[in-house]
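*Asks:* For the record, the sequence lines run as chains W and F.
So our numbering is basically just the index in the first sequence, starting at one, shifted up by 135.
So our numbering is basically just the index in the second sequence, starting at one, shifted up by 135.
Misleading hints may appear alongside valid ones.
Since copy identity is lost for identical chains, a pair holds within one copy or between any two.
Restricting the straight-line Cα-Cα distance to at most 25 Å, the calculated cross-link-like pairs of lysine to aspartate or glutamate (DMTMM-like) are [said to hold, decoys possible]:
1) Lys475 to Asp450
2) Lys475 to Glu441
3) Lys525 to Glu233
4) Lys497 to Asp227
5) Lys365 to Glu347
6) Lys293 to Glu322
7) Lys279 to Glu182
8) Lys511 to Asp247
9) Lys362 to Asp208
In case anyone wonders, no lab produced these hints; they're calculated from the structure.
Every value quoted in this text rests on a predicted model; they were computed, and no experiment measured them.
There are 2 protein chains.
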Amino acid sequence: MKASVISIGNELLSGLTIDTNAAFLSERLMSIGVPTVCGYTVGDDIEMIAEAIGSAANHSDVVLITGGLGPTDDDVTRNALAWFLGVELVLDDGLLREMAAFFKKRGYRMVDKNRVQAYLPKGAGALTNEVGTAPGIMAKYQGKTIVCMPGVPYEMKKMFDDSVLPIFDGAEKVVVSKKLRCFGAGESTVAENLGDLMERGRNPLINCTVDESVITLHIVATATSRKEAKSMIAEDESCIRGILGPIIYGSDNETLSTAVGKLLIEKKKTVAVAESCTGGLVAKMLTDTSGCSEYFTYGWVTYSNEAKASQLGVDSDLINQHGAVSECIAAKMAAGARKKAGSNVGIGITGIAGPTGSTEHKPLGLVYIGIDIDGKSVVRKYVFPHNREKVRLRAALTALDLLRLRLQD
Amino acid sequence: MKASVISIGNELLSGLTIDTNAAFLSERLMSIGVPTVCGYTVGDDIEMIAEAIGSAANHSDVVLITGGLGPTDDDVTRNALAWFLGVELVLDDGLLREMAAFFKKRGYRMVDKNRVQAYLPKGAGALTNEVGTAPGIMAKYQGKTIVCMPGVPYEMKKMFDDSVLPIFDGAEKVVVSKKLRCFGAGESTVAENLGDLMERGRNPLINCTVDESVITLHIVATATSRKEAKSMIAEDESCIRGILGPIIYGSDNETLSTAVGKLLIEKKKTVAVAESCTGGLVAKMLTDTSGCSEYFTYGWVTYSNEAKASQLGVDSDLINQHGAVSECIAAKMAAGARKKAGSNVGIGITGIAGPTGSTEHKPLGLVYIGIDIDGKSVVRKYVFPHNREKVRLRAALTALDLLRLRLQD
């Protein structure tokens, strides 16, 4: 079974929006052993969309289309599909009622423009959209399956996982994949250490992707049964863990903050955070997870020196002596947060996120991270590259990683 | 003149790499008035590449291809182009010498594999690559221009700007675009209100994209001069602002937090934030911008009731009486933050981000946002849909938007 992907929208062709839907779909398809053989990007144009559907159907068994299902005049995907299939668009009363209920439940007024979203090409079925107004469409054409989904990534992903993935059941080969998440080493170092394991054409195939300093190793095993594929993965995983050791912080969709949360619960510890340059980002990450009140106590964003003194009890004389961005202040912030919150662990972060604020001795990207566990404090110094956003993100992730490594010890 | 873009590489079809080259090229082309009419993503496969070139050439005057020019066996773009053109690949001695010099200059050994990069389809010309080993290729086919560039974004961008842009010289039309950013209304409401302004084929063309509740209107004007295009945009902008009013918070790359920051500076006000369910996200957004210390004072993440009492002075009896998620506590948090920080403005947010914590009378997504300006407090109640992440993000953005609207009054 092969698939193809069509991304629709003038905003994609004008370069205003980068298409991430196609990559999401291709990755999901790869994980179930269905290769994507081609992709098309077309504007909101009936003829171009129909031509792309024809070409895609020619090369693949399943055509996945995203975008152009909205309520505005430029959304013509349903018209293009109807035209390609040679059928009319017909109003689906059930869909219209579902849409009206969706609006009512949320307390919004359903405007006339939305009615168009209840039309389907004759003979086609609707795919439920639980999180938006545009239903998806599934149609058959010469034994091929054509699926239209909304362009909004959140809606598309949910619809794909809920309603589209099941149609791929029964492929001959089984592909199982597992992700190992790493932090604290570069991509080339990981690749160098893994050596032959990452060879092309190997089975399991081991790919490496990088996103905001988190390296993900994808172990993709192809086998005749799920059990066999899983055992191939288990063997590789054990081998990789032996080589990379503690830089692997978790698997599949685990984040550094969920990994830290699990460790805090396991060790029965609570954490408080005092942030300067990261401005609340560490607290935000730690509270991303439901149930975080079990380990997260207090957070302070103490941007000014005065806030560091009044909220965390950091001695103003020390700030004057060493500067707010210093090893000693990071330690005092961590200790102050821990004590004020009555927690076991305190995190203190102070740095220069830029683009202004650097001096001869304190460059842009300089960040001190203090971790105080039951009064035992460790401070690390970093100089993170790139811009304000990257420095803040790297600092926050590194703080979580430092805490993880200390809790694992 | 019209263009099309072909992105080549198995890694794009497996979803491991997101294609950013196509969006870069389309945006550059739009800025010189050349519309991109379609895009193709194909793997490293000679037949598929040739078919895409044929289809692209059919729809456009210039076909821009990226990827597949490397030295390894899976790089087959030059072979596919030669096959499409019906010509042989021939070794270009001059190119080979240039490549040898490139390697020598950098102190690298040129391996045999690299020789293939000095081959060109007969009759085609080479484009210099100053920052990599793969030269580009430019060929003519039935009056159309076909350009192959490397897939490495850095090399491709330089080659495009240096060697490919000049071929578009003398394009008759100029295209200028401007973005208007909106918050607080749905896409269909915006479209309904704008009516005919959003008609397809209109000039300026007005497109609408949505990202995390922020609606962006793209006004794209095509004219014979930059001045004319800008004046067309100004006219439409004024018309749109008249219709949509305060839901437009800014233009181009402005975010809600930069818009709020500007207003705070303008009104000479400072802000402190007390967050429960958003866990530091509002503070993080307010400190995204360099120079935020001018208006941002303190942030508290008071997840527990005890933290609300000890840090913000919220009366524990009130919490017991009304519950932590209530209008009255949001007001007290906002007032407490304002007073403790000695700021003009206090924001207080309390809610149920889920997935746990809801009750019969307090559903998931229930959020109270209090804004206290100089002692005058306003609290609004919301029920945001979807999941924990979306509820938190919507709550944080809505808090910034509420503050914006109050400051604008």
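*Asks:* Out of the numbered hints, which ones does the structure contradict?
*Replies:* 4, 5, 8, 9
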